[in-house]
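Chemist: Letter by letter, the chains look like this.
Number of protein chains: 2
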Amino acid sequence: MKFELYYWPGIQGRGEFIRLALEEAGAEYQDVARDPGGEQQAVRKLQDLLGDSKISKPPFAVPVLKHGELVIAQTANILLYLGAQLKLAPADEAGRLWANQLQLTVTDWVVEIHDTHHPLGPTEYYQDQKPEARKRSQLFLKQRLPKYLGYFERVLLQNPSGKQFLVGDKLSYPDLSLFQVMEGLRYAFPRHLSRVEKKYPGILALHDHVQQRPRIAAYLVSGRRLAFNEDGLFRHYPELDD
Amino acid sequence: MKFELYYWPGIQGRGEFIRLALEEAGAEYQDVARDPGGEQQAVRKLQDLLGDSKISKPPFAVPVLKHGELVIAQTANILLYLGAQLKLAPADEAGRLWANQLQLTVTDWVVEIHDTHHPLGPTEYYQDQKPEARKRSQLFLKQRLPKYLGYFERVLLQNPSGKQFLVGDKLSYPDLSLFQVMEGLRYAFPRHLSRVEKKYPGILALHDHVQQRPRIAAYLVSGRRLAFNEDGLFRHYPELDD
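Protein sequences appear in the order of chains A and B.
Under our numbering, the letters of the first sequence match residues 1 to 242, in that order.
Under our numbering, the letters of the second sequence match residues 1 to 242, in that order.
The set of hints was computed from the structure by calculation and includes no laboratory data.
Please read these numbers as outputs of a predicted model, since none were measured by experiment.
C-beta atoms are modelled at their ideal positions from N, C-alpha and C, and glycine is treated no differently.
Watch out, some of these pointers could steer you wrong.
Heads up, simulated DSBU-like pairs for lysine-lysine below, C-alpha to C-alpha not over 35 Å straight-line [unchecked claim]:
#1 A/Lys163 / B/Lys2
#2 A/Lys57 / B/Lys130
#3 A/Lys147 / B/Lys130
#4 A/Lys147 / A/Lys135
#5 B/Lys2 / A/Lys87
#6 B/Lys2 / A/Lys130
#7 A/Lys142 / A/Lys130
#8 A/Lys57 / B/Lys87
#9 B/Lys130 / A/Lys130
#10 B/Lys130 / A/Lys135
#11 A/Lys57 / B/Lys2
#12 B/Lys45 / A/Lys57
Here are the computed distance ranges between Cβ atoms for each label pair [unchecked claim]:
#13 B/Asp231 / A/Arg191: 30 to 40 Å
#14 A/Arg225 / B/Tyr237: 25 to 35 Å
#15 A/Met1 / B/Lys199: 34 to 44 Å
#16 B/Asp108 / A/Glu69: 18 to 28 Å
#17 B/Gly223 / A/Lys142: 51 to 61 Å
#18 A/Asp242 / B/Ser222: 29 to 39 Å
#19 B/Val221 / A/Leu220: 30 to 40 Å
#20 A/Asp208 / B/Lys87: 21 to 31 Å
#21 A/Met1 / B/Gln212: 24 to 34 Å
#22 B/Gln47 / A/Lys142: 21 to 31 Å
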């Protein structure tokens, strides 16, 4: 049974965490963002889904995954489901909860990264909150980023199965998400990252491992991988970098 | 087997979503915030847990729940576990994912509520970000709050089992969390809430139902329920209200 992913066209955004899991598993999926009818048609499909007054479990926002009868939303919730479906998480309860816990910590981190360019919230353009974005970015880079990077480095070091992966001795979906956050941070804050990232050798090794996995490597050079841009989560505004 | 909850003393914060589930189920639990050794001892226990360099699954932050061998963090992850343990969520996969999806939407909402008083992030005091907090609060009350309230009202209306509960025809943990958010919003923005809340009769009926459930009613008047205050998630700063 095919998976169907609903997400905005033109950006990686939160949909990308789902795409990386589907791509790593070699799963067959239909991506509404690449609807053959074009971007307008894709947006219409998303709006129809989000506004559907008949659906019994309405989503608040995309990404949404359809699989058979199931229509589920929230990135970490979709990954919890796909972790089991695609064998990208341990099968036992403690392992599943641990993968979910790490993914929720990635979620918190991603909100803080988004808020570096949108400290006044998602309703106003970046152009209308530039001074606030500058303040928040400086605080984020100085105080919050080392806390998150230090945490994930520590998770790798304290993993009793060795420091290659976050969860046990196999790749799981939080590894893919951590790779994506590192890619996004390097895009958004290239000067700052080049200065600090070497303090986290475990994370860098995991990032490089993910990048070289055959299916991920093929995906990254395919037309399916969109480029980062200034409409997404991770935005490069040089004035917010070091 | 007893549950052990680790959370900061003196505030409801994110720990309160866990407490409400434990209280509704009549579960036996030990609350480190009320350690007989006092608040200093409680904080020492939290810091020992958060800094433990031997633990195989280190938490990023509290709340943390210990149950037997299990040590889990992240509010929604703890509730996912407790939902099954305490029968506060459906047993089938689709129902569990739906409860988790709703809880993650509550999580997003709570971050936005927190950011009304901390738009520059958690590292600076409110006093050092008052003008930004005023801007963000106005945008939140005008544009984001109706989106969230409208969404949860719609979830109730579109529930095929009737509009009494968010998930199926029984109380589940997202109902308790929605109750808590409404309590918090009334505390933080009393003028605004008294003006708008009547537009959401389904949410108000659910709030009142939760408040009157025997165990919740008993909890709310017990010494275990802390008062809201200006160190928590939901803060009353009159200058941020209408």
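Chemist: Are the hints correct? Go through all of them and say.
Modeler: Taking the hints in turn, this is what the structure says about them:
no.	hint	verdict
1	A/Lys163 / B/Lys2	33 Å, holds
2	A/Lys57 / B/Lys130	38 Å, violated
3	A/Lys147 / B/Lys130	25 Å, holds
4	A/Lys147 / A/Lys135	18 Å, holds
5	B/Lys2 / A/Lys87	32 Å, holds
6	B/Lys2 / A/Lys130	50 Å, violated
7	A/Lys142 / A/Lys130	18 Å, holds
8	A/Lys57 / B/Lys87	20 Å, holds
9	B/Lys130 / A/Lys130	17 Å, holds
10	B/Lys130 / A/Lys135	13 Å, holds
11	A/Lys57 / B/Lys2	34 Å, holds
12	B/Lys45 / A/Lys57	41 Å, violated
13	B/Asp231 / A/Arg191: 30 to 40 Å	36 Å, holds
14	A/Arg225 / B/Tyr237: 25 to 35 Å	44 Å, violated
15	A/Met1 / B/Lys199: 34 to 44 Å	40 Å, holds
16	B/Asp108 / A/Glu69: 18 to 28 Å	25 Å, holds
17	B/Gly223 / A/Lys142: 51 to 61 Å	40 Å, violated
18	A/Asp242 / B/Ser222: 29 to 39 Å	51 Å, violated
19	B/Val221 / A/Leu220: 30 to 40 Å	58 Å, violated
20	A/Asp208 / B/Lys87: 21 to 31 Å	45 Å, violated
21	A/Met1 / B/Gln212: 24 to 34 Å	44 Å, violated
22	B/Gln47 / A/Lys142: 21 to 31 Å	22 Å, holds
Going down the numbered hints, you'll see the structure goes against 2, 6, 12, 14, 17, 18, 19, 20 and 21, while the others check out.
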